[in-house]
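Chains as they are written, first to last, in UniProt numbering: chain R, 1 to 278; chain G, 1 to 112.
No lab work stands behind these hints, which were simulated from the structure alone. A hint or two may mislead.
To be verified - Coverage of chain R stretches by chain G, computed from C-beta distances (three or more under 8 Å per stretch; other residues unrestricted):
hint, segment
1, 36-45
2, 76-85
3, 138-148
4, 171-181
To be verified - Listing some non-contacts, in silico: residues in chain R with all C-beta distances to chain G over 10 Å:
hint, residue
5, P73
6, D91
7, E159
8, V220
9, R231
10, P236
11, E249
Quick reminder that beta carbons are idealized off the backbone N, C-alpha and C, glycines included.
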Amino acid sequence: MKIRTGDISTHVQYLPATRREGAQGEPPVVVFVHGLLTDSLASYYFTLGPAFAAQGIDVIMYDLRGHGRSDRPETGYQVEYFVDDLVALLDALGEKRRVHVVGNSFGGTVAAGAAAWYPDRIATLTLIEAEPPVQRWTEHMQQGLALAKEQLVHDAVIEWIKENRGAQTARLSRVAARILNSTTMGDEVWSGRVIDDDLSAITCPVLAIFGEESGLVEQVPLFESALERCRTVVLPEQGHSVLVEKTKETRDLLLEWIREHDLAAQGADGHELAEALR
Amino acid sequence: MTTDATGVAAAQPQVRADAGAVLADIAGMLRELLEEYGLDEAEIGRETTFHDDLELESIDLVSLSGSLRERYGDRVNFAEFVADLELDEIIALTVGQLVDFVVESLRSTEAG
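Chain R on its own, in the form it takes in the complex (with noise of 0.2 Å):
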């Protein structure tokens, strides 16, 4: 379904839990956010999420700005664009409870975003093979985006990815270099709010799941310094395209990992109601 969220409107993609023999209360509810250009929400609707929903999970999948089947204005792509949409969203579905953020590769940038500037709404971020919008990472987008523009305009190179990528990345490569003609989402994405280098916005609990030879692995140790709350993980002989090489193992992290956070807030609200009950 279509859902206004601020100035466009958003292909959403909502999976209801699957209701569970002895479940008490409200069930979880996750939002997945995909990557930039290539991507769209069908990275998780054929990986995690219907898995989730089968698991008691409310599923909220959406397809980005400029991505899918959402709006592609003009203009419009610095990071907090991204991330009003996500919160317009939880808004326009009526959603009251902390959500479950996940973003894998960009899509956690707006997770982490999300986290920092709006952390009433998130129950817990997590991050695959992603960067929060600190300084760097604008430049590493800068870098990268400039290339593909670059690159991506160029038959041969199409035809290299078709060669060496397959059929349905090279046609990816198509429409990412679509996307970035027209529209300003290459010149725009890196150019916008920031948080600092120190993480201190990010106050909940983080989960990071990194690919031992991608280059953000390196952001390991700063996680572990500087959030006070978070697990890192790192998969052996694994590169960037961990949501669909290592799905499984993902799956079984995540999974866990909300259950562990699912049972907490519950035993904290339980706690609270005792306190308002003295």
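With the hints as your guide, set chain G onto chain R.
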């Protein structure tokens, strides 16, 4: 939140649980999708693959789930269907496989 399945089912009472009728249904949904890309000449049969033959993106398959819901309501759970498939199986998915799943779902809800 979601399409009112009973309302839609009432408006479209002619759902038939045989493979030929379901193939015609799904081919119609696919033509609508393909029209958005300016492709209306595609031949669609049981052996047609979504990715290689029709060049659909995976997000188009998600859209197809919406069309299936409008047509069949809660009787056909596409999310459940894809949950059992690996990514490479989804990429190799044929129209016939989806038709068989829909027919099976319709028959089992009829029986129940």
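Tested hints:
Only when three residues or more bring their CB closer than 8 Å to a CB of chain G does the claim for the segment 36-45 of chain R stand; here the count is 5, and the claim holds. For the segment 76-85 of chain R, the proposed coverage by chain G is not satisfied: 0 residues have a C-beta within less than 8 Å of a C-beta in that chain, short of the threshold of three. Counting residues of the segment 138-148 of chain R whose beta-carbon sits less than 8 Å from any beta-carbon of chain G gives 0, not enough to reach three: the coverage restraint is violated. A count of 3 residues in the segment 171-181 of chain R with a Cβ less than 8 Å from any Cβ of chain G is obtained; the coverage claim is therefore met, three being the minimum.
Against the 10 Å criterion, P73/R stays outside the reach of chain G, whose nearest CB is about 18 Å from its own CB. For D91/R, the condition that its CB be more than 10 Å from all CB atoms of chain G holds, with the nearest at approximately 14 Å. No beta-carbon of chain G is positioned within 10 Å of the beta-carbon of E159/R; the least distance is around 16 Å. At roughly 27 Å from the closest C-beta of chain G, the C-beta of V220/R stays outside 10 Å, upholding its exclusion from the interface.
The beta carbon of R231/R sits about 26 Å from the closest Cβ of chain G, which is more than 10 Å, so the claim that it is off the interface holds. Every Cβ of chain G is farther than 10 Å from the Cβ of P236/R; the closest lies at roughly 21 Å, confirming the non-interface assignment. Against the 10 Å criterion, E249/R stays outside the reach of chain G, whose nearest CB is about 14 Å from its own CB.
The structure does not agree with the numbered hints 2 and 3 stated previously, though it agrees with the rest.
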